[in-house]
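*Asks:* Chain by chain, the residues run as shown.
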Amino acid sequence: MPEFSVIVGPQHPALKEPESFTFWVDGEDVVRAEVRIGYAHRGIEKAAESRTYIQNIPLIERICGICNVAHTICYTQNVEYLYGREIPRRAEYIRTIIEELNRIHSHLLWIGIAGHEIGFDTLLMYVWRDREVVMDLIEEMTGNRVSTALMTVGGVTRDITPELATRIRKGLDILEERTKYYEKIASGESTILARTKGIGILTREEALKHCAVGPTLRASGIKSDIRADDPYAAHDEVPFDVITTDTCDLFGRVVVRVYETIEAIRQVRYCLDNLPSGPVRIRLPNTPPRGESVSRVEAPRGEDIHYVRSDGTDRPARYKVRAPTLGNLASLVEMLTSKGDYRVRVADIPIVLAGIDPCMCCMDRTSRFIEPSKGKEWVWTWNQLRKYGRMRER
Amino acid sequence: MNLEREERFVSEIKELLGDKISEIKVQRARSVFVTVKAEDYKDSIRKIVEKFGITHISTMTGADSGQTIDVMPHLSHAGMKITFKAAVPKTAAEIDTLTDMLPGAVMYEREVHDLLGVNFKGHPNLAKLVISDDWPSDVYPLRKEYKVVRPEPIRKT
Amino acid sequence: MGLVSWARASSPWLVHFNTAGCNACDIEVVAALTPRFDLERFGALLKGSPRHADVLVVTGTVTRQTRDRIIRIWEQMPEPKFAVAVGNCCVSGGVFRGCYNSYPGLDSVIPVAAYIYGCPPKPENVIHGVATLVSKIRGG
Amino acid sequence: MGVDLESAQEIRENEGKIMAMQRELLRHIFKKAVTLRYPFKDKEKVHIPSDFRGKIAFHRDQCIGCSMCFRVCPAEVIEMIDDEKGKRPMFYLDRCTHCAQCEDVCPTKAIELTAQYESAGTDRTQMILK
Numbered sequence: 012m013p014e015f016s017v018i019v020g021p022q023h024p025a026l027k028e029p030e031s032f033t034f035w036v037d038g039e040d041v042v043r044a045e046v047r048i049g050y051a052h053r054g055i056e057k058a059a060e061s062r063t064y065i066q067n068i069p070l071i072e073r074i075c076g077i078c079n080v081a082h083t084i085c086y087t088q089n090v091e092y093l094y095g096r097e098i099p100r101r102a103e104y105i106r107t108i109i110e111e112l113n114r115i116h117s118h119l120l121w122i123g124i125a126g127h128e129i130g131f132d133t134l135l136m137y138v139w140r141d142r143e144v145v146m147d148l149i150e151e152m153t154g155n156r157v158s159t160a161l162m163t164v165g166g167v168t169r170d171i172t173p174e175l176a177t178r179i180r181k182g183l184d185i186l187e188e189r190t191k192y193y194e195k196i197a198s199g200e201s202t203i204l205a206r207t208k209g210i211g212i213l214t215r216e217e218a219l220k221h222c223a224v225g226p227t228l229r230a231s232g233i234k235s236d237i238r239a240d241d242p243y244a245a246h247d248e249v250p251f252d253v254i255t256t257d258t259c260d261l262f263g264r265v266v267v268r269v270y271e272t273i274e275a276i277r278q279v280r281y282c283l284d285n286l287p288s289g290p291v292r293i294r295l296p297n298t299p300p301r302g303e304s305v306s307r308v309e310a311p312r313g314e315d316i317h318y319v320r321s322d323g324t325d326r327p328a329r330y331k332v333r334a335p336t337l338g339n340l341a342s343l344v345e346m347l348t349s350k351g352d353y354r355v356r357v358a359d360i361p362i363v364l365a366g367i368d369p370c371m372c373c374m375d376r377t378s379r380f381i382e383p384s385k386g387k388e389w390v391w392t393w394n395q396l397r398k399y400g401r402m403r404e405r
Numbered sequence: 049m050n051l052e053r054e055e056r057f058v059s060e061i062k063e064l065l066g067d068k069i070s071e072i073k074v075q076r077a078r079s080v081f082v083t084v085k086a087e088d089y090k091d092s093i094r095k096i097v098e099k100f101g102i103t104h105i106s107t108m109t110g111a112d113s114g115q116t117i118d119v120m121p122h123l124s125h126a127g128m129k130i131t132f133k134a135a136v137p138k139t140a141a142e143i144d145t146l147t148d149m150l151p152g153a154v155m156y157e158r159e160v161h162d163l164l165g166v167n168f169k170g171h172p173n174l175a176k177l178v179i180s181d182d183w184p185s186d187v188y189p190l191r192k193e194y195k196v197v198r199p200e201p202i203r204k205t
Numbered sequence: 033m034g035l036v037s038w039a040r041a042s043s044p045w046l047v048h049f050n051t052a053g054c055n056a057c058d059i060e061v062v063a064a065l066t067p068r069f070d071l072e073r074f075g076a077l078l079k080g081s082p083r084h085a086d087v088l089v090v091t092g093t094v095t096r097q098t099r100d101r102i103i104r105i106w107e108q109m110p111e112p113k114f115a116v117a118v119g120n121c122c123v124s125g126g127v128f129r130g131c132y133n134s135y136p137g138l139d140s141v142i143p144v145a146a147y148i149y150g151c152p153p154k155p156e157n158v159i160h161g162v163a164t165l166v167s168k169i170r171g172g
Numbered sequence: 127m128g129v130d131l132e133s134a135q136e137i138r139e140n141e142g143k144i145m146a147m148q149r150e151l152l153r154h155i156f157k158k159a160v161t162l163r164y165p166f167k168d169k170e171k172v173h174i175p176s177d178f179r180g181k182i183a184f185h186r187d188q189c190i191g192c193s194m195c196f197r198v199c200p201a202e203v204i205e206m207i208d209d210e211k212g213k214r215p216m217f218y219l220d221r222c223t224h225c226a227q228c229e230d231v232c233p234t235k236a237i238e239l240t241a242q243y244e245s246a247g248t249d250r251t252q253m254i255l256k
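Residue numbers (our numbering), protein chains in the order written: chain A, 12 to 405; chain B, 49 to 205; chain C, 33 to 172; chain D, 127 to 256.
Careful: at least some of the hints might be erroneous.
[Stated by the list, open to error] If you anchor each label on the Cβ, the simulated ranges turn out as follows:
1) K208/A / A126/B: 44 to 52 Å
2) W45/C / F156/D: 30 to 38 Å
3) R83/C / V231/D: 28 to 36 Å
4) W45/C / K256/D: 35 to 43 Å
[To be verified] Mimicking SDA-like on lysine to any residue, the simulated pairs with C-alpha atoms at most 20 Å apart in a straight line are:
5) K157/D / L219/A
6) K167/D / R40/C
7) K57/A / K138/B
8) K234/A / A126/B
9) K192/B / K191/A
10) K191/A / R180/A
11) K99/B / L219/A
12) K57/A / A126/B
13) K191/A / E150/D
14) K158/D / K113/C
[What the hints assert, rightly or not] To spell it out: a stretch of chain C is covered by chain D in this simulated footprint if at least three of its residues, at any positions, have a beta carbon under 8 Å from a beta carbon of chain D; those stretches are:
15) 41–55
16) 64–72
17) 138–152
Quick caveat, the hints were computed from the structure, so don't treat them as lab data. Backbone N, C-alpha and C define an ideal beta-carbon position, used for all residues, glycine too.
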């Protein structure tokens with residue numbers, strides 16, 4: 012039977028961001044998958060070299076809008092490592108609070124989107140309604156619903172007042188009750204079970220081999236979390252459990268994310284109860300000393316790693332960012348390939364794609380041409396294709 | 049700050065690699081930088097990977113430092129970050145691939161190839177990953193000599 | 033106002049395309065469609081295909097790689113069509129101005145009918161933008 | 127405190143319930159809708175915290191022309207121009223990231239991020255703040 016290629020993306024109802032996947036299918040089964048990213052490549056790393064350390068904070072924040080807190084924490088603590096300075100403890104606690112609030116918002120968002128991808132829009136609507144609670148908390152704390160702009164080199168820009176702490180506690184109570192309800196739904200609703208159990212399997216060995224990160228890795232039974240392995244901010248004091256499951260499938264990823272949300276709520280409570288007093292930022296000079304540094308943060312999607320090199324000027328000589336999704340791409344391709352008894356059906360593609368919580372930008376319908384029968388593959392730009400079309404018309 | 053664990057780790061690496069190391073330093077708690085020569089790059093990484101049973105490569109950074117390009121794979125081992133550093137000359141930017149022992153490096157090597165033009169010998173597929181299809185093939189945006197050209201608007205505003 | 037433009041203004045169907053944004057605007061656009069804000073009160077419906085839609089909602093800065101796709105999607109949409117740029121990166125390039133891969137705004141690629149400023153805009157602002165567009169359609 | 131994964135496993139072992147959300151849905155029939163009827167009504171119910179980062183307002187009489195805001199702005203929003211009173215910033219607000227770094231750095235509080243969030247329009251030139 013001849014194989015067909017199905018191209019998904021860059022503009023596709025199942026993807027909110029532009030990325031392009033080519034699937035070689037044999038009947039209903041996906042036999043091979045290939046990914047082309049780069050639609051969202053904006054040149055941030057080059058731009059970071061031409062801006063000062065202060066100007067870079069909002070730029071780094073816009074690498075990803077959803078996990079902006081993880082990226083800004085990673086950036087600011089990376090620069091603080093260059094100075095070799097520690098920031099006030101209160102600032103570290105505030106960073107942890109906002110980071111965990113961000114994780115709650117990101118995971119709830121993901122649960123809703125997963126519901127949407129499996130055709131369970133009721134869940135999407137209810138989860139997103141309750142997610143507004145955490146959005147309001149973030150807005151009260153930082154002044155904007157999504158992009159927080161709270162981090163600065165040397166601490167945080169805004170403090171938490173006792174009244175705000177009370178309001179956050181109240182909001183957390185609502186969130187905890189609702190998340191526990193969604194935990195019941197996610198693990199007991201037959202639609203979810205039917206569409207997630209045994210789908211998108213990534214075994215422990217494959218996860219290790221392809222260097223998966225974050226909830227994808229933890230759902231394959233590997234206890235790995237930067238917050239525990241390489242603690243930053245206040246995570247060395249705030250107690251929490253690393254959630255793992257050994258189901259290695261999408262169901263495990265749902266469960267890991269739901270429990271991580273509950274765990275995050277607990278961490279925010281702990282931080283609010285044990286918030287140290289003192290200043291929230293220290294002033295640092297504009298130019299860090301020469302040197303290089305690596306910093307890691309557990310973003311909602313997994314390990315986020317930044318590298319900075321300073322040449323003694325007020326601009327970084329090199330800034331490198333690796334967002335968690337790139338680390339999960341190789342595993343995603345693995346999950347989307349049928350092997351032996353394990354079959355990936357075309358209908359499961361959207362939810363498996365959503366399973367790693369992708370955070371990129373893609374669609375390649377116009378440029379890639381594949382003729383599997385001849386084993387030929389070539390790439391045309393849209394302009395070339397348009398020219399070809401005009402040529403054929405004549 | 050207590051860096052006992054890092055010091056122990058450094059001495060283990062020194063024992064293993066011997067004079068292949070040109071520089072080794074502890075940047076902070078749980079982060080170690082090891083500089084090696086480009087020709088020893090793969091051998092020394094293989095030794096470390098086999099000794100400690102490392103499977104996770106976090107990413108690979110390429111950095112332009114004037115005449116050379118530094119290739120820096122970041123490996124993870126039990127919460128410890130080991131960053132190798134090997135310099136390759138800009139005119140003949142070529143280094144061995146790590147994909148045969150660490151398959152997770154596939155995407156990262158393609159990225160470094162796209163943005164800095166380092167050729168990874170033995171890499172299965174070095175097709176474009178992050179830069180656009182119409183990007184000229186001999187221009188590497190993250191090299192220092194590349195001056196940013198803003199794209200021309202295609203219609204007037 | 034004729035019957036056709038009345039119908040058009042009462043049910044603007046949307047197609048959403050993220051050119052290369054940071055996702056913050058996307059989640060705010062999606063949030064605007066969920067219960068608390070409920071953009072569907074205006075008859076707006078999110079469609080998957082550009083061929084069914086009247087309004088192209090674009091978020092994110094336009095990059096080299098998405099430029100041709102956005103033009104293609106724009107060309108696939110039936111007349112009359114309107115493009116809405118959501119968020120400051122889409123309007124003008126925003127924080128990505130001066131990057132080698134991003135264009136200075138969506139209107140340097142396709143004509144834009146309405147701009148929604150903000151980084152990211154609040155869902156209320158997205159609703160305000162759609163209301164602005166609807167009144168523009170009503171007007172002419 | 128550990129998370130009880132076993133209960134999830136147990137449920138997974140059994141078959142899931144069909145329409146597990148049904149009860150929740152029925153409960154909500156008699157509840158008030160959460161939707162804000164925003165542009166028509168409920169304008170005062172829109173959640174705006176006191177220090178919301180909205181559109182920039184500029185107070186000319188307080189500005190001393192130090193260009194600090196120009197130096198920290200990440201998005202080429204600010205251009206320093208000369209007017210009858212001397213140097214001052216001019217804002218292209220259609221590029222603004224609302225990061226509030228200019229507000230933080232301003233020594234005389236001449237720049238202020240207001241609570242104005244409604245800012246859609248059909249013309250980009252309306253966002254130039256002179």
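*Asks:* CA of K191/A to CA of R180/A, is that 20 Å or under?
*Replies:* 16 Å, holds
*Asks:* Hint check: K99/B vs L219/A, CA-CA at most 20 Å. Holds or violated?
*Replies:* 17 Å, holds
*Asks:* Between K234/A and A126/B, does the CA-CA distance stay at or below 20 Å?
*Replies:* Between K234/A and A126/B the Cα gap is close to 11 Å, so the pair holds against 20 Å.
*Asks:* K158/D and K113/C were given as a pair; does the straight-line alpha-carbon distance stay at or below 20 Å?
*Replies:* 37 Å, violated
*Asks:* Report holds or violated for chain D covering the segment 41–55 of chain C, Cβ cut-off 8 Å, minimum 3 residues.
*Replies:* violated (count 0)
*Asks:* Hey, K191/A versus E150/D, does the alpha-carbon distance stay inside 20 Å?
*Replies:* Holds. K191/A to E150/D sits at ~14 Å (cutoff 20 Å).
*Asks:* Do three or more residues of the segment 138–152 of chain C come closer than 8 Å to chain D, measuring C-beta to C-beta?
*Replies:* holds (count 8)
*Asks:* Lying within 28 to 36 Å: is that true of the beta-carbon distance R83/C to V231/D?
*Replies:* Given about 49 Å between the Cβ atoms, the range is violated.
*Asks:* Can you let me know if the beta-carbon spacing of K208/A and A126/B is within 44 to 52 Å?
*Replies:* For A126/B against K208/A, whose Cβ atoms are near 32 Å apart, the range 44 to 52 Å is violated.
*Asks:* Is the straight-line distance between the alpha-carbon of K57/A and that of A126/B 20 Å or less?
*Replies:* Violated, because 32 Å separates the two Cα atoms, which is more than 20 Å.
*Asks:* Decide if the proposed pair is consistent with the structure: K192/B and K191/A, CA atoms, cutoff 20 Å inclusive.
*Replies:* 52 Å, violated
*Asks:* Is the hinted pair K157/D and L219/A satisfied, with a Cα-Cα distance of at most 20 Å?
*Replies:* 48 Å, violated
Hints 1, 3, 5, 6, 9, 12, 14, 15, counting from the list given before, are not met by this structure.
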